[in-house]
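Sequences are here, hints too, so could you generate the full structure?
There are 2 protein chains.
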Amino acid sequence: MIALLARGQKLASLGARALHAGVQRDPAFSQLSDKDLAFFEQLLGGTSGVVTDSDALEPYNRDWQKKYEGHSRVALRPRTTEQVAEVLRYCSSRRLAVVPQGGNTGLVGGSVPVFDEVVLSTGAMNKILHLDEVSGTLVAQAGCILQALDEAAAARGFMMPLDLGAKGSCQVGGNVSTNAGGLRLVRYGSLHGSVLGLEVALPEPMLPSGPAPTPASAPGGGRVLDLLRTLRKDNTGYDLKQLFIGAEGTLGIVTAVAVQLAPRPASVQLALLACPSFEAVTATLRSARRRLAEVLSAVEFLDADCSALATTHLEGVGNPLSGEGGGEGGAGRGQGDAGAGASGRGSPFYMLVETHGSNAQHDQEKMEAFLEAAMAEGCVADGTLASSEAQARAIWRLREGISEALVRRGAVYKYDVSLPTAVMYDLVTALRQRLEGAGYGAAAGVRVVGYGHIGDGNLHLNVSAPRYDDDLLGLIEPYVYEYVARHNGSISAEHGIGLMKANCLSYSKGPVAIELMRRIKGLVDPHGILNPYKVLPKP
Amino acid sequence: MIALLARGQKLASLGARALHAGVQRDPAFSQLSDKDLAFFEQLLGGTSGVVTDSDALEPYNRDWQKKYEGHSRVALRPRTTEQVAEVLRYCSSRRLAVVPQGGNTGLVGGSVPVFDEVVLSTGAMNKILHLDEVSGTLVAQAGCILQALDEAAAARGFMMPLDLGAKGSCQVGGNVSTNAGGLRLVRYGSLHGSVLGLEVALPEPMLPSGPAPTPASAPGGGRVLDLLRTLRKDNTGYDLKQLFIGAEGTLGIVTAVAVQLAPRPASVQLALLACPSFEAVTATLRSARRRLAEVLSAVEFLDADCSALATTHLEGVGNPLSGEGGGEGGAGRGQGDAGAGASGRGSPFYMLVETHGSNAQHDQEKMEAFLEAAMAEGCVADGTLASSEAQARAIWRLREGISEALVRRGAVYKYDVSLPTAVMYDLVTALRQRLEGAGYGAAAGVRVVGYGHIGDGNLHLNVSAPRYDDDLLGLIEPYVYEYVARHNGSISAEHGIGLMKANCLSYSKGPVAIELMRRIKGLVDPHGILNPYKVLPKP
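Respectively, the protein sequence lines represent chains D and V. The first sequence maps to residues 1 to 539 in my numbering. The second sequence maps to residues 1 to 539 in my numbering.
The hints are simulated quantities; they were obtained by calculation from the structure and are not laboratory data. The structure displayed is predicted, hence computed values, not measured ones. Note that the Cβ used here is the ideal one computed from N, Cα and C, for glycine as well. Treat the hints loosely; a few may be bogus.
What the hints assert, rightly or not - Here are the in silico distance ranges between beta carbons for each label pair:
(1) P539(V) <-> L129(D): 28 to 38 angstroms
(2) S169(V) <-> T429(D): 44 to 54 angstroms
(3) R95(V) <-> S506(D): 29 to 39 angstroms
(4) P526(V) <-> Q42(D): 38 to 48 angstroms
(5) A154(V) <-> N488(D): 23 to 33 angstroms
(6) S506(D) <-> E372(V): 58 to 68 angstroms
(7) E377(D) <-> A422(V): 45 to 55 angstroms
(8) A155(V) <-> A373(D): 18 to 28 angstroms
(9) E368(D) <-> R519(V): 54 to 64 angstroms
(10) G445(D) <-> R519(V): 50 to 60 angstroms
(11) G441(V) <-> L43(D): 35 to 45 angstroms
(12) S506(D) <-> A485(V): 43 to 53 angstroms
(13) R393(V) <-> T384(D): 38 to 48 angstroms
(14) L129(D) <-> R434(V): 51 to 61 angstroms
Right, here's the structure in full:
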């Protein structure tokens, strides 16, 4: 594959292969011409909006994991919705494939070109359009960084209803397009509930046929779907915005988003807990639901290997309960990441339990009652309550750093599944045994680790290895997908389908559902120019 | 219109006219034949599933307000999803129009035949399929009554995430199909967030064209869309279930629903408050949001006329703050419903503020702090806290009874709009003045009243009159819709579009959105047999 030739040194040294092996470039798509580039430069006001330099193109062509890489010759950076619509009109007429890209922080190859698709970056569309303090609603262009929006909301006493590890670089349009879940879904719900409105640019005009009552001069030539309202309730016809939440840019390009903000909590409590078994983890979850109830804002878990990975591979990250890493001394331990489970102070599982509330005294009383009960029941062997914002940040860094630590360690096969909570960790154990039995155990440098949003039934299963290895992959897939399907789970809880799982969709969706998706795609994007090869399986 | 001839006495005495005047029966639809009836009787196991007796048909042909009436010759009562799919297959092949009907508690004519459509009632599909205590998820057939589901959930410590006045007769399939909002959306969010899965029967098979990898023996012949999962998170392709939430049965018939239950609160506090002005109402709302925060579960308001209507027209309903009605003596007051605003103890506005929490002491402290502050600020002139479940039920009856009281008083024009909270009541005042100026004031027996879910920005605007009157209607519409559109509101916050507002959709949705809706309808239901004349405007 041509893509491989352009891959960076790091990727090649891990033995990576084209993860889109088997996908062929659709010959119906045109090749980019100089005339196309001239059109884009004229439309987007010169070269600032049109990136063609090969070094400058690299971050548009590759994901941060260095796992997916395309070879697009151009990345466009429009500033307005009308420009996005005009790019789509042009690309549709020219049959140029387009890959929409936000912060490019995804994990399934959804925002990276597979071949030579035109990259349409929303990065320059980063204006906050409106923040209403009375209703707590925010309207922003798609390219706004999640953390910037949260900071703007914080200044008025609000918070964004979603938070995730990539908040410093992910964009809200990408969050919506991938239906990002994150750390506080257990409290604030999914984007299907908190997104109030969207503006979407469509690849084809959506105007009545026949003698048109709509003038041809409709905004964006009928390609701008304006659903950008900030109403909490609006039952006027089909809730079209929902189609684009989680469509991963295959149906349209989200250009602006209206979100219901949550009030910023006056009181935040955070506990890090050590649990002696996975059964103890699930019992602690049930207890937290009952005793923390309306103030519960996050319930996360990680296994001992995850803790060891984060404290070993990230500077300044420590686990106060295991004694691993932390502070200036952490990085210098040099004891590897063999897992703390067997060590003196270590525990096989850790949990983060957080509350958001309006009354610190009430919240502390609830948290103390919860901790006392959990320890009395033997579900929690040890625990620590963050006593400052700095301590809380340090504890969150342990959890949020796992993904980055895995990438630093080497090759990583990532799975993001929903499973019934009680049996969730069984998959980690079963896969670990399966790989060990085939010679891919700890001695071979392979780690099978589990962490995630246990409050939502969402497991992040990761296999860390010294290098990418087709034989190893063959042991993991389709085993993981089959396991999940057998337990009525989801093969993608929050990461989406992207390129990685497009041909695995049938593990979670039946033929009628997939056919309906296909027809909706055909209705909105008949030439298939938007993010081809992604989400839907090959026909 | 033929429909009028069959109308009941009560309706005729109010001077009702065909509210679907201007809608013509689509000649593309077939007339029901004896052969069709024979097919249905064979399919549904004899006459118990096929209603043809004219008296027995009346409740299927007419809404509870007696405002919409069709003249269907048959109502079908299937018991299984496969039977629903088979009815749709047959009706599609015969070009028989079908109106899906749940509890028939809607307010916009969505669940009543307009002409002679076949009624497909989900009433016999009333089995709870699964209730998982660990994950708090419920799976039920579409015909289950909301209250029955809530009682089943209560037995395991949970509650349904929605509650509305019609809970004793509305069905969960209808709740989902109309995206019902109700009293506690402010806390538990909309059904777009709390519905985890759906099963939907489609009018046409959704199977891949060409050499089919799917056997023709697919369940329901490819007409059953099985999205009936109970996962909190599932990002595998387009979230198709969202299309059917609020589609009012025009895209498919919801046959089963999976819902995320909420924990049943250990502590419920309810306050009835009297506010001296609408500004005081909105200030009290802001204070409740800040001080009750995570325990706030409902914020409702009603004006003095609504209070007077409920206490006058409903037995045993009283307002402890105004001294109107209540107990055995209430019904005998005989002082009419002229509004308590001008009376000695009355107040122009009342609010219900409710909390759901896990700790009664904490919740009481929060509620007391909120009430003290609201009274100190002059926003609340008087108030009462329910000290028992019976008192709480009595207070809720005042609020929930308004709709029924309006119907008992006579003719009623109902509007259900979203507007910015601060200016919400201005519409009531403006319309009242407009009608008074045209001779439709109190002396003419006309009342313009407002109440609703102020916590969600949702106003129920009602015009009560002695009888239906085209001149009066001409003063109300399109005035109300134009007002709402001018303020970027919604012409239907929660009631839906149905027959009533199909030709008004453009007040809330632009041409691109309406065209996309139309094409999705054409994709799923190319012969347009499902709930015709509803939701989408005439082309």
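Discussion item. Verify the CB-CB distance for E368(D) and R519(V) against the hinted window 54 to 64 angstroms.
Written reply: About 57 angstroms separates the Cβ atoms of E368(D) and R519(V), which means 54 to 64 angstroms holds.
Discussion item. Between the beta carbons of E377(D) and A422(V), is the distance compatible with 45 to 55 angstroms?
Written reply: At roughly 50 angstroms between Cβ atoms, A422(V) and E377(D) fall inside 45 to 55 angstroms, so the hint holds.
Practice prompt. Confirm or reject the claim that P539(V) and L129(D) have a C-beta distance inside 28 to 38 angstroms.
Written response: The hint (28 to 38 angstroms, Cβ to Cβ) holds, given that P539(V) and L129(D) are roughly 33 angstroms apart.
Discussion item. Can you tell me whether the CB distance of G445(D) to R519(V) sits inside 50 to 60 angstroms?
Written reply: holds (53 angstroms)
Worksheet item: Taking 23 to 33 angstroms as the hint, is the beta-carbon distance of A154(V) and N488(D) inside that range?
Response: holds (26 angstroms)
Worksheet item: Does the Cβ pair R393(V), T384(D) satisfy 38 to 48 angstroms?
Response: holds (46 angstroms)
Discussion item. Within 58 to 68 angstroms: is that where the Cβ-Cβ distance between S506(D) and E372(V) falls?
Written reply: The hint (58 to 68 angstroms, Cβ to Cβ) holds, given that S506(D) and E372(V) are roughly 59 angstroms apart.
Practice prompt. Starting from the hint 43 to 53 angstroms, judge whether the C-beta atoms of S506(D) and A485(V) obey it.
Written response: holds (44 angstroms)
Worksheet entry | Outcome for the supplied range 29 to 39 angstroms, where the beta carbon pair is R95(V) and S506(D) | Given about 34 angstroms between the Cβ atoms, the range holds.
Worksheet item: L129(D) and R434(V), beta-carbon distance inside 51 to 61 angstroms?
Response: violated (34 angstroms)
Item to complete: Could you check the hint for me, namely that A155(V) and A373(D) are 18 to 28 angstroms apart, CB to CB?
Response: Because 24 angstroms falls inside the window, the suggested range holds.
Worksheet item: When you take the CB atoms of S169(V) and T429(D), is the distance between them in 44 to 54 angstroms?
Response: holds (49 angstroms)
Violated hints for the displayed structure, listed by number in ascending order: 11 and 14.
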